[in-house]
Amino acid sequence: MNSKRNYYILTGMGFGFAFLYIPILLLMVFSFNEAKVTTRWSSFSLKWYQALLENDAIINAALISLKIAVISATIATIVGVLAGIALVRFKKFKGKTLFSGLMVAPMVMPEVITGLSLLFLFVAMEELIGWPDGRGMTTITIAHITFCITFVAVIIQSRLQGMDESLEEAAMDLGGRPIRILFDITLPLITPAMISGWLLSFTLSLDDVILASFVSGPSSTTLPLVIFSKIKLGISPDINALATLIIGIVAIGIVIAAWLMNKKEKAYQRDIQMAVAQNE
Amino acid sequence: MEPLEEKYIDPQPWLDKNEKPFLEIRSVTKKFGDFTAVDKVNLEIYKGELFCLLGGSGCGKSTLLRILAGFETATEGSFFIDGVDMTQIPPYERPVNMMFQSYAIFPHMSVEKNIAYGLKRDGLSKPEVKTRVEEGLKLVQLSQFAKRKPHQLSGGQQQRVALARALVKHPKVLLLDEPLAALDKKLREKTQFELMDIQYKLGITFIVVTHDQEEAMTLSTRIAVMNQGKIKQIGTPTDIYEYPQSRFTANFIGSINIFEGIVKESLSESHVVQSEETQCDLLIDRDSSIHTGEKIGVAIRPEKIHLSREEPDKQDFNTLRGKVLDFGYIGNLSVYNVKLPSGKMVKVSSPNQNRYSKHRVTWDDIVYLTWEPANTVVIL
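Top line first, the protein sequences correspond to chains A and B.
FYI, in my numbering the residues of the first sequence are 1 to 280.
FYI, in my numbering the residues of the second sequence are 1 to 380.
Hints may contain errors.
[Unchecked claim] Below, in silico cross-link-like pairs of lysine-lysine (BS3-like), each with a Cα-Cα straight-line distance of 25 Å or less: (1) Lys314(B) x Lys344(B); (2) Lys266(A) x Lys40(B); (3) Lys20(B) x Lys40(B); (4) Lys149(B) x Lys126(B); (5) Lys31(B) x Lys91(A); (6) Lys149(B) x Lys266(A); (7) Lys20(B) x Lys149(B); (8) Lys126(B) x Lys94(A).
Read the hints as simulated data drawn from the structure, not as lab findings.
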């Protein structure tokens, strides 16, 4: 009975993971394919990796994407943290409910609409005050910031709600003025949430197609846009190579992060146990 | 060793007419919307007192403490420390420190840094901060733990860090919110005495909020019993226990039996009370505020009732006959529930002086309950 149930569970799990990972595995395998046709294997080769490195359009787009992602994630984190703190820690102010509603609205708004409205804004502003001068990196960055602030603010908000408010009160009781407490207590304690907010913004910005396709200009395109336009002309194996590289980097990053976190958590648990044991 | 006489001085500044209160709360009210958390509270606390605010959850004791610390603003009223109006002063400028129920130790700072935090905010010089931190660590016996992070400490040690952090600031008043609630029973008893010792050594006025009556009784010079935002009674632990002024206080502190009755007769040294709940009349000590014909409650604590299976000689007053319905053996004493013929239940507790008593009272025994008139309290 038990073994039979195990069998069902294992089969279900196998199908689930196969569904998730076989496409990715295939993509990775075919990046080493000699042939130009992406669906038929001929022999092992690294030539598509070489082609990728020689493709300036893709390399440039990747660099622009990274730049945009870093800048927009950083600014979105700063603004999002301030908004999150205002939403949770400030006493009731007029329009607080409206403010918190407006804060999460972009999250549920279809990106097509956000993109379109931003495009209108940029065009109107260019006509009125001459800025932004055409569309390109600046406009994409601004679009990504507006979009990412929401996510950072929500992450910070939930972290602050779970935090013991008496920590900040204790700091105030000990003579800390509100601004000092922000830097001494609040920010250090929400650092993990700030990091995850930044990382989320970074990834959101890095793989955004919809917003970028509205507000990008001929001068600069992001990586996802380049890939997207290349696919339209037929799949070329150097895209497979690019995807394999990205997956590889992400996988290594995740493994390292998990290992570090696991180590830290184990040390933390050991400390607690030691403290309890010593007291007895 | 300090001489004993010096250590056990028991000053009672609240009885001295010339003494000025150190902390004065004048009709402080706090409302949250329609809900009144603190209702026109007046309190006078003297220098060096260990004052307890005692009450059940939601009685307003914590809100009152938070008003004193400055985290809540009083809707009405004001309060003074050492003659200075504190009502409008922000928390970071008040000469008051608080020990939080959760301890609120900064998790990202070492023990040392936690204690130094408040001193640095005061702008003390580095060497001075260092000496004060060392003093603080010594006071709570944590010197060897200075470099540890809070999560590397046990609950009791964390509690002492929180205490040291507040004390090194040399506050005029230290506020303690349920200081012992998070500790286990044995540690709590030990820490209680440590806390009293530290308070005595430093002479700082302590205000303790607690829901634990035993804790309040042991710790405090005086207790304020609170209910529904109001102070029901203020007094020394003995006053509160032996002379409760209201039914609430009587029932809240310890357990008590209350017999409802009417004053039948007033004699030269006593009153006779007739009660339907008892078979015989009750005798109470004479009190000029009691008049014949008045409806009163005669209250008596369980341990002040003598319980016996033998019939007493005199049965005129204060002698009840009943059946043991239930009894609990607690070790040092036994608790009995005795049912009177009227149906009234009486709680009695008596010490177990002998290990094997032949006359041990047990279920369904007919017992006689007697007590001295002087041990009763009249509750209106």
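Quiz prompt | Hints not upheld, ascending by number | solution = Of the numbered hints, 2, 7, 8 do not hold.
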